[in-house]
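Enquirer: Numbering (this note's numbering), first residue to last: -19 to 386.
Certain hints may be false.
[What the hints assert, rightly or not] When the alpha-carbon atoms are kept at most 27 Å apart in a straight line, the in silico DSS-like pairs for lysine-lysine are as follows:
| id | residue 1 | residue 2 |
| --- | --- | --- |
| 1 | K(-17) | K217 |
| 2 | K351 | K257 |
| 3 | K351 | K338 |
| 4 | K269 | K291 |
| 5 | K287 | K307 |
| 6 | K307 | K261 |
| 7 | K351 | K261 |
| 8 | K217 | K230 |
| 9 | K291 | K261 |
| 10 | K351 | K269 |
| 11 | K(-17) | K351 |
| 12 | K294 | K307 |
| 13 | K261 | K287 |
| 14 | K217 | K257 |
| 15 | K202 | K294 |
| 16 | K217 | K202 |
| 17 | K165 | K217 |
| 18 | K261 | K338 |
| 19 | K291 | K351 |
| 20 | K202 | K230 |
| 21 | K261 | K230 |
| 22 | K202 | K257 |
| 23 | K294 | K257 |
| 24 | K(-17) | K269 |
| 25 | K287 | K351 |
| 26 | K343 | K307 |
| 27 | K269 | K257 |
[Claimed, not checked] So the derived label-pair ranges between C-beta atoms look like this:
| id | residue 1 | residue 2 | range |
| --- | --- | --- | --- |
| 28 | R167 | K217 | 17 to 27 Å |
| 29 | S40 | F347 | 17 to 27 Å |
| 30 | S313 | I353 | 36 to 46 Å |
| 31 | D324 | K261 | 25 to 35 Å |
| 32 | S313 | R137 | 24 to 34 Å |
| 33 | K(-17) | S168 | 14 to 24 Å |
| 34 | D324 | V163 | 39 to 49 Å |
| 35 | E69 | G267 | 44 to 54 Å |
| 36 | S92 | N339 | 13 to 23 Å |
| 37 | G384 | Y203 | 51 to 61 Å |
| 38 | D241 | S40 | 51 to 61 Å |
No lab work stands behind these hints: they were computed from the structure. We put the CB at the ideal spot given by N, CA and C, even for glycine.
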Amino acid sequence: MGKEMLTGNSAAAWGVRLAEVDYIPAYPITPQTEIIETIAKWISDGSMDASFVTMDSEHSMITAAGAASATGARTFTTTSSQGLLYGFEMIYTVAGWRVPLVMVNVSRGLSSPITLGPDHNDILAVRDSGFLQIHCETCQEVLDSVLMAYRLAEDERVLLPVMVNMDGFYLSFTREAVEIPDVEKVRSFLPEYRPEHAFFKAARPMAQGVAVLGGDYYSYFKYQMHLASQNALEIYKEVCDDFERIFGRKYEVIDEYMMEDAEYILVMTNSFSTLGKAAVKRAREDGVKAGLLRPRFLRPFPESEIKNALKGKKAVAVIDQNISVGKGGIIYSEMAGCLYNEIDRPLLLSFIGGLGGKNISQKEFEFIFEKMISASDTGIVEPPSLLYTESELEGITKLKEIAGKE
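Please model the complete structure; the sequences and the hints are all you need to start from.
Expert: Shown next as structure tokens:
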């Protein structure tokens, strides 16, 4: 169909339209509402054949999505931030039903305080639910990931729901040139969902359970979900090979940028990875052997791919756009666990930045590379750092002074 300038939200809507979804339960919340507005318009004017239902809350919305998917309908829904938390109970429930629905989450910082800017505490709060997670850097990747998510979720070796994540505002409302695939090509990549795999018609019901009594049954079903999630990594490689063959775009479970001879590595996810890549390029111009690793999957966690990519590197800085209050960066902790038993592991540094959408400046990236080089020279790794500039501190100090005046 050619290229168009699309926002991340519009790209997600196009992915849903091309996937020929049957049922969309919806509830609005900034900054994802444009997705459901776009889909509702298409259904209204007849250019998309699907059932669209506005629900009373995200809890009802996710319940409806899970129930529809369990009957064999290809189902989509979307939310953000507080909305995801409002439906938190049903996130775990529908994942346990082993339903292959797809949900787009448009990341936004959680209250309190209130913000509309993005960070990743919302999506990472549900990382242990059983939903697979694909994290996107560009609008093109959003559209493509929706299509790949359905192909992956509906594979009989997986049968788990998938969340596709993008950053609010930085990606959801940013227009980029996006290649919109031809629907016939999409059909060759994503066949019609086969209802015999649905929960209520499954040929192998022992992989699924609704109510059990006793820990032995519960353990069985939970571990079945875990094994299915692990299967998804290998099956995703098959999906990517087919996607490249049909559409000409290649994706991996991790994205490596200038990694081949790199010694100092940034680890980042989502749209701020673009800022990191620009900083890596600048560092290269300054003579630093820099690189960037971006995990596309955070569930399942691509341990072997990360270990191989970081083998022999001097230092790695994990930039978490999230904060586990009382612990620190979430992805840093997962990276530390991944690399702990590796003999040839790099030094691992932790930085927290971009909370609530706060920009990460070039000066801050330079600071990170300086810390990595220093740690490599001395072997001393400093405690986690919050990326916060002097001018930002001066600004908040002035506000505090104003608030304190009578």
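Enquirer: Give a verdict on every hint.
Expert: Hint by hint, here is what the structure shows:
A distance of roughly 26 Å separates the Cα atoms of K(-17) and K217; the hinted pair therefore holds under the 27 Å criterion. With a CA separation close to 18 Å, the supplied pair K351 and K257 stays within the 27 Å bound. Of the supplied pair hints, the one linking K351 and K338 holds, its CA atoms being roughly 21 Å apart against a limit of 27 Å. Taken as a hint, the K269 and K291 pair is honoured in the structure, with Cα atoms around 15 Å apart against an allowance of 27 Å.
For the hint linking K287 to K307, the alpha-carbon distance of about 23 Å falls within 27 Å, and the restraint holds. For the proposed pair K307 and K261, the alpha carbon gap of about 32 Å is over 27 Å, so the pair is violated. This hinted pair checks out: K351 and K261 have alpha carbons roughly 18 Å apart, not beyond 27 Å. In summary, the hint linking K217 to K230 is supported, as the alpha carbons are separated by about 10 Å, within the 27 Å threshold.
Our distance criterion of 27 Å between C-alpha atoms is met by K291 and K261, whose separation comes to about 21 Å. The suggested pairing of K351 with K269 holds, with an alpha-carbon distance near 14 Å, which does not exceed 27 Å. A C-alpha spacing of about 42 Å is found between K(-17) and K351, which places the hinted pair above 27 Å, so the restraint is violated. As the CA atoms of K294 and K307 are separated by approximately 25 Å, the hinted pair is consistent with the 27 Å bound.
Distance check on the hinted pair: K261 and K287 sit about 23 Å apart at the alpha-carbon level, within 27 Å; holds. Our distance criterion of 27 Å between C-alpha atoms is met by K217 and K257, whose separation comes to about 24 Å. Annotation: proposed proximity of K202 to K294 is violated, straight-line Cα distance about 38 Å (limit 27 Å). A distance of roughly 24 Å separates the Cα atoms of K217 and K202; the hinted pair therefore holds under the 27 Å criterion.
Proposed proximity of K165 and K217 is supported: the alpha carbons are some 19 Å apart, at most 27 Å. Taking the CA atoms of K261 and K338, the gap is about 22 Å. The hint holds against a cut of 27 Å. This hinted pair checks out: K291 and K351 have alpha carbons roughly 20 Å apart, not beyond 27 Å. Distance hint between K202 and K230 is unfulfilled; the C-alpha atoms sit about 32 Å from each other, more than 27 Å.
Annotation: proposed proximity of K261 to K230 holds, straight-line Cα distance about 22 Å (limit 27 Å). This hinted pair does not check out: K202 and K257 have alpha carbons roughly 38 Å apart, beyond 27 Å. Taking the CA atoms of K294 and K257, the gap is near 18 Å; set against the 27 Å cutoff, the hint holds. The hinted pair formed by K(-17) and K269 fails the criterion: a straight-line CA distance of about 35 Å is larger than 27 Å.
With a C-alpha separation of about 22 Å, the suggested pairing of K287 with K351 holds against the 27 Å cut-off. Between K343 and K307, the direct Cα distance comes to roughly 26 Å. Compliance with the 27 Å bound is thereby established for this hinted pair. Distance hint between K269 and K257 is fulfilled; the C-alpha atoms sit about 13 Å from each other, no more than 27 Å. The supplied range of 17 to 27 Å is met by R167 and K217, whose beta-carbon atoms lie about 22 Å from each other.
Restraint check, S40 to F347: a C-beta distance of roughly 46 Å breaks the suggested window 17 to 27 Å. Between S313 and I353 the beta carbon distance is about 24 Å. The supplied range of 36 to 46 Å is therefore violated. Checked against the given bound of 25 to 35 Å, the beta carbons of D324 and K261, roughly 27 Å apart, stay inside it. Hint check: S313 to R137, Cβ distance near 29 Å, so the stated range 24 to 34 Å holds.
Taking the beta carbon of each, K(-17) and S168 are about 20 Å apart, inside 14 to 24 Å as hinted. Take D324 and V163: their Cβ atoms lie about 48 Å apart, and the range 39 to 49 Å holds. A C-beta distance of roughly 53 Å is found between E69 and G267, which places it inside the suggested range of 44 to 54 Å. Between S92 and N339 the C-beta distance comes to about 22 Å, which sits within the given range of 13 to 23 Å.
Evaluation of the 51 to 61 Å hint for G384 and Y203 yields a pass: the beta carbon distance comes to about 56 Å. The supplied range of 51 to 61 Å is met by D241 and S40, whose beta-carbon atoms lie about 53 Å from each other.
This entry does not satisfy hints 6, 11, 15, 20, 22, 24, 29, 30, going by the numbered hints stated previously.
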